[in-house]
Amino acid sequence: MTAAAFDADRAYRLHEQVALRPEPFGALAYHYGNRRLNFLRAKELVTLVESLADHDSVQAAFDAARIDPRRWPSFERALASLAASDFLVPDAHDAHEGAAA
Amino acid sequence: MTLIEEPRPDNLVLSPVKQSGLAEQMKRGLDAPICLTWELTYACNLQCVHCLSSSGRRDPRELTTEECEAVIDELQRMQVFYINIGGGEPTIRKDFWHLVRYAVDHGVGVKFSTNGSGIDAEVAEQLAESDYVDVQISIDGADAETNDHVRGAGSFATAVRAMEHLQAAGFEGFKISVVMTRHNIPQVDEFKAMADHYGAQLRLTRFRPSGRGADSWEALHPSDQQQRELYHWLMDHPDVLTGDSFFHLSALGEALPGLNLCGAGRVVCLIDPVGDVYACPFVLHDEFLAGSVRDEGGFQKVWQDSDLFTELREPQSAGACASCGHFDACQGGCMAAKFFTGIPLDGPDPECVLGHGEEAMDSVARAAVSKDHSRTTVVLGRKPVS
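Top line first, the protein sequences correspond to chains A and B. For the record, in the first sequence the residue sitting at position 81 is 81 according to this note's numbering, with numbers rising by one throughout. For the record, in the second sequence the residue sitting at position 244 is 244 according to this note's numbering, with numbers rising by one throughout.
Just so you know, these hints were derived from the structure itself, not from any lab. Only a predicted model underlies this, so the values are computations on that prediction, with no experimental measurement involved. Watch out, some of these pointers could steer you wrong.
Heads up, simulated DSS-like pairs for lysine-lysine below, C-alpha to C-alpha not over 30 Å straight-line [unchecked claim]:
id, chain 1, residue 1, chain 2, residue 2
1, B, K383, A, K43
2, A, K43, B, K27
3, B, K383, B, K371
4, B, K27, B, K371
Please model the complete structure; the sequences and the hints are all you need to start from.
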């Protein structure tokens with residue numbers, strides 16, 4: 001399966017087969033589906049990832065998390081790579097697809 | 001060590017913190033292992049000449065079903081993502097399938113290594129249905145001759161039958177696991193083709209002089225030239241898994257994808273059939289015994305408080321390798337490989353790609369294998385003619 005390109009204007013959520021374990025540096029993430037391990041190397045990134053499902057877009061999650069906009073590019077790269085390895089998946093309540101999606 | 005099983009190279013993709021910071025964090029250890037190896041039994045129907053646990057006979061003091069369940073409960077509390085079950089041949093245990101189900105039901109994923117003898121059509125179908133169980137079939141040659149030389153007569157056919165059952169059941173992405181030896185490194189392309197044929201994933205790991213491997217080391221460990229070939233092959237095949245076990249080859253140039261550090265007692269460990277906890281699967285020796293899950297405080301106390309693991313998490317001296325410009329790349333190599341070839345732990349790896357290992361090996365100081373469960377004397381026969 002090839003994931004569509006990451007789009008910060010869309011909504012994402014953690015894949016249901018991904019487990020997060022808090023660690024001093026952030027969190028370890030393990031995907032039971034593809035059996036990959038990822039390191040979330042900042043606590044703010046963990047909070048952001050966990051909050052994605054509550055927002056209609058990644059951008060909205062950024063705004064709500066009050067992360068310094070100068071750090072957005074590195075966080076966005078991190079989210080994009082999580083999406084590329086299927087740790088994050090597009091969420092049904094995507095603003096673009098509407099409530100019926 | 002057996003650390004990370006994700007397809008490389010995007011296993012360490014997230015960069016808000018620099019990579020070196022993460023490696024340092026790993027060296028100081030985690031509150032719980034990322035994964036751990038659990039040898040459920042020393043009983044085995046095979047007697048491979050390189051078996052790292054010298055398996056064969058069952059140990060009568062084996063953990064009971066209830067004790068195993070209690071360990072799984074503990075691993076669940078510690079949020080250990082998954083366990084690598086091995087042996088011995090783990091499917092020989094009568095409660096094996098029960099324990100697999102128990103672990104999965106308690107949120108602990110399972111990957112188990114088998115020689116394939118317990119995988120018939122029915123078992124394969126059940127396995128294909130679970131997202132939380134992964135299977136690893138061990139072979140050590142791409143043909144019966146090369147494989148059976150190490151693993152015993154008929155073992156290649158048994159493994160192939162198991163792979164056919166898994167494929168027929170639609171189990172995609174099971175693992176074919178190969179220990180790299182002098183005889184099978186020339187066959188890496190054949191292993192890859194075999195994995196592709198079965199819809200499986202190839203996993204290549206390093207041969208260590210542990211267990212019966214200490215006796216077959218001289219005859220089976222790869223040559224310098226083969227190590228170089230393997231390094232380039234791995235660089236060209238980023239989808240092949242390695243359990244991060246070839247980090248000593250990173251001194252040859254660009255680092256192999258992965259953490260490139262020894263995870264023993266830091267991010268991985270091993271529980272043996274009687275509940276003893278060792279720093280890694282390749283050091284089943286009193287020197288690396290941290291405690292037992294049967295001790296008060298159980299596994300968690302051993303992981304978090306044992307003297308041995310505490311020591312392994314302290315900054316390690318580069319020792320004899322301090323003046324070498326490649327230490328950052330190879331980290332001095334594998335602790336187990338040094339220990340069982342008589343090299344001090346702060347000395348070079350016996351297979352140091354710069355050739356420093358050869359002179360450091362000491363046959364006199366070589367540690368004797370302290371745990372032997374072999375059923376009979378196991379001797380490596382003549383090398384197969386190919």
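| said: Check whether the Cα positions of B/K27 and B/K371 lie no farther apart than 30 Å. | reply: holds, 28 Å
| Is the Cα-Cα distance between B/K383 and B/K371 30 Å or less? | Since the Cα atoms of B/K383 and B/K371 sit roughly 27 Å apart, the hinted pair holds (cutoff 30 Å).
| query | Hey, B/K383 versus A/K43, does the alpha-carbon distance stay inside 30 Å? | reply | Between B/K383 and A/K43 the Cα gap is close to 54 Å, so the pair fails against 30 Å, i.e. violated.
| field | Hinted pair A/K43 and B/K27, Cα distance within 30 Å | value | Holds, at about 19 Å.
This entry does not satisfy hint 1, going by the numbered hints stated previously; all others are met.
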